[in-house]
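Now for the letters of each chain:
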Amino acid sequence: MPARDAGIVVEGLVREFKDVRAVDGIDLEISPGEIYGFLGPNGAGKSTTVHMLTTLLPPTAGRATVAGYDVVRDGARVRARIGAALQETALDPFLSGREHLRLQASLHGIRGAKRTTLQDDLLARVGLTQAADRKIRTYSGGMKRRLDLALALIHNPSMLFLDEPTTGLDPQSRAALWEEVGRLSRHEGVTVFLTTQYLEEADVLADRVGIIDHGHIVAEGTPTQLKAEIGRSTVEVVPESPEETPRLSALLTRFGVPTAGKPGATAVQLEGRDGLADVVRALDLEGLRTAEINLHSPSLDDVFLAKTGRTLEGADEEPA
Amino acid sequence: MEVAHQVWLIARRSLLRTARQPGTWVPPLLFPLMLMAVNSNGLRAATHLPGFPTHSFLAFFIPFSFMQGALFASGIAGVDLARDIDTGFLNRLALTPVRGSALLLGQIGGALGLGAAQAVVYLSVALAAGVHIDAGVGGAVLILVLAVGAAAGFGGLGLFLALRTGSGEGVQSMFPLLFFLLLVSSMNLPRNLIEVGWFRDLATINPVSYLIEALRSLVIQGWNGEALGLGFGFTAALIAVSMLLAARQLRVRMTRT
Chain A
1 MPARDAGIVV
11 EGLVREFKDV
21 RAVDGIDLEI
31 SPGEIYGFLG
41 PNGAGKSTTV
51 HMLTTLLPPT
61 AGRATVAGYD
71 VVRDGARVRA
81 RIGAALQETA
91 LDPFLSGREH
101 LRLQASLHGI
111 RGAKRTTLQD
121 DLLARVGLTQ
131 AADRKIRTYS
141 GGMKRRLDLA
151 LALIHNPSML
161 FLDEPTTGLD
171 PQSRAALWEE
181 VGRLSRHEGV
191 TVFLTTQYLE
201 EADVLADRVG
211 IIDHGHIVAE
221 GTPTQLKAEI
231 GRSTVEVVPE
241 SPEETPRLSA
251 LLTRFGVPTA
261 GKPGATAVQL
271 EGRDGLADVV
281 RALDLEGLRT
291 AEINLHSPSL
301 DDVFLAKTGR
311 TLEGADEEPA
Chain B
1001 MEVAHQVWLI
1011 ARRSLLRTAR
1021 QPGTWVPPLL
1031 FPLMLMAVNS
1041 NGLRAATHLP
1051 GFPTHSFLAF
1061 FIPFSFMQGA
1071 LFASGIAGVD
1081 LARDIDTGFL
1091 NRLALTPVRG
1101 SALLLGQIGG
1111 ALGLGAAQAV
1121 VYLSVALAAG
1131 VHIDAGVGGA
1141 VLILVLAVGA
1151 AAGFGGLGLF
1161 LALRTGSGEG
1171 VQSMFPLLFF
1181 LLLVSSMNLP
1191 RNLIEVGWFR
1201 DLATINPVSY
1211 LIEALRSLVI
1221 QGWNGEALGL
1231 GFGFTAALIA
1241 VSMLLAARQL
1251 RVRMTRT
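The listed protein sequences derive, respectively, from chains A and B.
The first sequence begins at 1 in my numbering and counts up by one.
The second sequence begins at 1001 in my numbering and counts up by one.
Any given hint could be a false lead.
Sample of chain B residues with no beta-carbon within 12 Å of chain A, all distances over it, derived [as the list claims (entries may be wrong)]:
#, residue
1, L1009
2, P1028
3, G1042
4, H1048
5, T1096
6, V1098
7, G1138
8, V1141
9, L1182
10, L1193
11, D1201
12, F1232
Reference listing, derived: stretches of chain A covered by chain B, where coverage requires no fewer than 3 residues with Cβ under 8 Å from a Cβ of chain B [unchecked claim]:
#, segment
13, 94-100
14, 103-110
15, 202-208
Rather than coming from a laboratory, the hints here were simulated on the basis of the structure.
These numbers come from a predicted model, not from an experiment.
Note that the Cβ used here is the ideal one computed from N, Cα and C, for glycine as well.
Next up, chain A with everything else stripped away, as it sits in the complex (with noise of 0.2 Å):
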């Protein structure tokens, strides 16, 4: 299905809270129908940046337009054509899904029985039929995050804000929101911009990957050009006897440099393309028996290092 509508183009972008310089001058465009991940650590910059291209927060300076229309001089027109399930949970525990359906869409000019046809047919989409006239405080994190995606539907937008909608869900809902969120840039040609903390949520769902740290996007591409921009593959191994794990890590140190590897492993990011053959024969020629080797290939994780010199896990900290 064509897009709906044009995407956004981001200038320059700025915005500062007192001495805080949180979103610090970012270029963007997103094409519609595309959907953009936006990826980085807590206060990065992403929701800040949601808030200013959904028109809750005005920009300090720069140039932003969404669908066609300046965020700033245009904003009541930009809120026309959006839909955002902002990272706030922002529902009623004292209202059913329904009546929040209902008083969305009847904000939005939506009465009577065409309001009653998308309240039904968007509770079947996010599969809250059954649940849709309990109270919001007996509904689960998983069916509050649907529910926040049905509002956000409820005017037919032709762009989709998403501020990390799957964080604290588990990963079947997850697995279930991003199936939606496809469907909906495949079938409808909505534009999707969505941050989020994880790394797999951007490489499944998103067709461009941009990297936000301390309002700086740091890289931008599809997933797979970004895990080719870092070309190194990581061999893990685990060794029988822990005992072995010096010699073992003087060994695979000729291979690549040393990396993170999971609890009692070793772990050295290639320098070349083919080396697992070359690592096995080495471990054989010492005599060194292993319990488990692993070939993990580049992760938006070995770019985010790669850009920043942390891991998005340990982002909050600060750079040795």
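Following the hints, complete the assembly by docking chain B onto the known chain A.
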């Protein structure tokens, strides 16, 4: 017309959530009734004071219950809005075409609904206990109007504090001050019978006294133009000032472009 519909939508939600939290409205409903029962018996001897305007202390004291109910109701409006700010519900509303004025007036809907319900209950209890409304049925209606007006005025202050502080605690911090204003008013004695000079002066400059006296005049005097003028004037000023403050603060809090 569109704004009126938006006000109704927000007010409906406010009323529903208030009604579904009995813990927030049952104690505020009962506490003034309990105080009314205790004081109307315990302070009955005050009616023997020369110049006391009625023989029924209950009739004299009933306006205090309306004021207390209005105060509690207004607290609910403020705390609910603070919760909406905290959870991000206000942002959800800000992303719809809702007007700021509709948001404020609607948010106060729960307080007005509760204020009206409380006033009806207090009036019914008073009538059942033998209180006679000197101003008749029209006076009883006016009592309800004044009580709801007071809830709106104090509710506006609650909204202002919620928008200013973004926290329920910030809103609740207002209550000791408002309660103090109630206590240093003419709630227990007519101002001319208060013998302690500084207390009488405080009660005289305290606008809450005039709201209580307007309500009281309808119960025990009939139609007193001066008392009603002062009471309605103060209520109108309170509504105007508090809603103006809340509207200004909403523009700061809801910075959508």
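Tested hints:
no., hint, in the structure
1, L1009, "violated, 5 Å"
2, P1028, "holds, 17 Å"
3, G1042, "holds, 38 Å"
4, H1048, "holds, 49 Å"
5, T1096, "violated, 4 Å"
6, V1098, "violated, 5 Å"
7, G1138, "holds, 37 Å"
8, V1141, "holds, 31 Å"
9, L1182, "holds, 29 Å"
10, L1193, "holds, 46 Å"
11, D1201, "holds, 45 Å"
12, F1232, "holds, 34 Å"
13, 94-100, "holds (count 3)"
14, 103-110, "holds (count 6)"
15, 202-208, "violated (count 0)"
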